[in-house]
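Read top to bottom, the protein sequences are chains A and B.
One gets our numbering by counting positions in the first sequence from 1 and adding 6 to each.
One gets our numbering by counting positions in the second sequence from 1 and adding 99 to each.
If you want the footprint, here are the derived chain A segments under chain B, 3+ residues with CB under 8 Å:
1. 53-62
2. 107-118
Listed next, with one range per pair, are the computed distances between beta-carbon atoms:
3. B/Gly-161 <-> A/Gly-106: 16 to 26 Å
4. A/Glu-107 <-> B/Ser-102: 18 to 28 Å
5. A/Asn-58 <-> B/Asn-107: 34 to 44 Å
6. B/Gly-161 <-> A/Gln-86: 43 to 53 Å
7. A/Gly-65 <-> B/Gly-152: 23 to 33 Å
8. B/Asp-198 <-> A/Met-21: 28 to 38 Å
Hint data in this document are derived by calculation from the structure and do not stem from the laboratory.
These numbers were taken from a predicted model, which means no experiment stands behind them.
Where a beta carbon is used, it is the ideal one built from N, C-alpha and C, also for glycine.
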Amino acid sequence: DAGVIQSPRHEVTEMGQEVTLRCKPISGHDYLFWYRQTMMRGLELLIYFNNNVPIDDSGMPEDRFSAKMPNASFSTLKIQPSEPRDSAVYFCASSLGAYGELFFGEGSRLTVL
Amino acid sequence: AQSVSQHNHHVILSEAASLELGCNYSYGGTVNLFWYVQYPGQHLQLLLKYFSGDPLVKGIKGFEAEFIKSKFSFNLRKPSVQWSDTAEYFCAPSYNNNDMRFGAGTRLTVKP
Chain A
7 DAGVIQSPRH EVTEMGQEVT LRCKPISGHD YLFWYRQTMM RGLELLIYFN
57 NNVPIDDSGM PEDRFSAKMP NASFSTLKIQ PSEPRDSAVY FCASSLGAYG
107 ELFFGEGSRL TVL
Chain B
100 AQSVSQHNHH VILSEAASLE LGCNYSYGGT VNLFWYVQYP GQHLQLLLKY
150 FSGDPLVKGI KGFEAEFIKS KFSFNLRKPS VQWSDTAEYF CAPSYNNNDM
200 RFGAGTRLTV KP
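I would like the entire structure built from these sequences, with the hints used as guidance.
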């Protein structure tokens, strides 16, 4: 398996623009997680899905953030409108079961100017 | 509240030195414990994990960790580090993946 695939790897955008980050989990994994990594706050769990259903989005910082998982092989994290403080590396991870090893993608580095 | 603390922000060692990175957590009940590693520019990878049984856990690349329940600690160790161990190390206790909380991370720099 190719592992968790994220795109884009790097995104530079201007404040106010919409940003969409994409994730393809490992085939067969039933849990998908979105994390944000910053120097100040470290790794934060934003939202996770189980069998494509959002279970807990309490980590989503604001209403500007939204995430979807239309099918088992694809998820998006959208920020609209983006702000400079959203600059971070966004990781997607998937696991088989709630106790399985988390497999992380390479991350999407977002810079909002 | 559940929390995890990694004592060292940045550790600098010479090759062949011994390594110990501290991790303390405040979770009630039975927890699972993980160490993840992030090499420069790469994603996080599982280094080792503890669910139950022998409190001394061996992971990849010669790393090990010891679970000391009475101290709420899960320190990571390696007897002799290599330059290729330069990375950031994250301790992560959890009941399950849904509430896994990562520590702030410890950056390890190994000088050749």
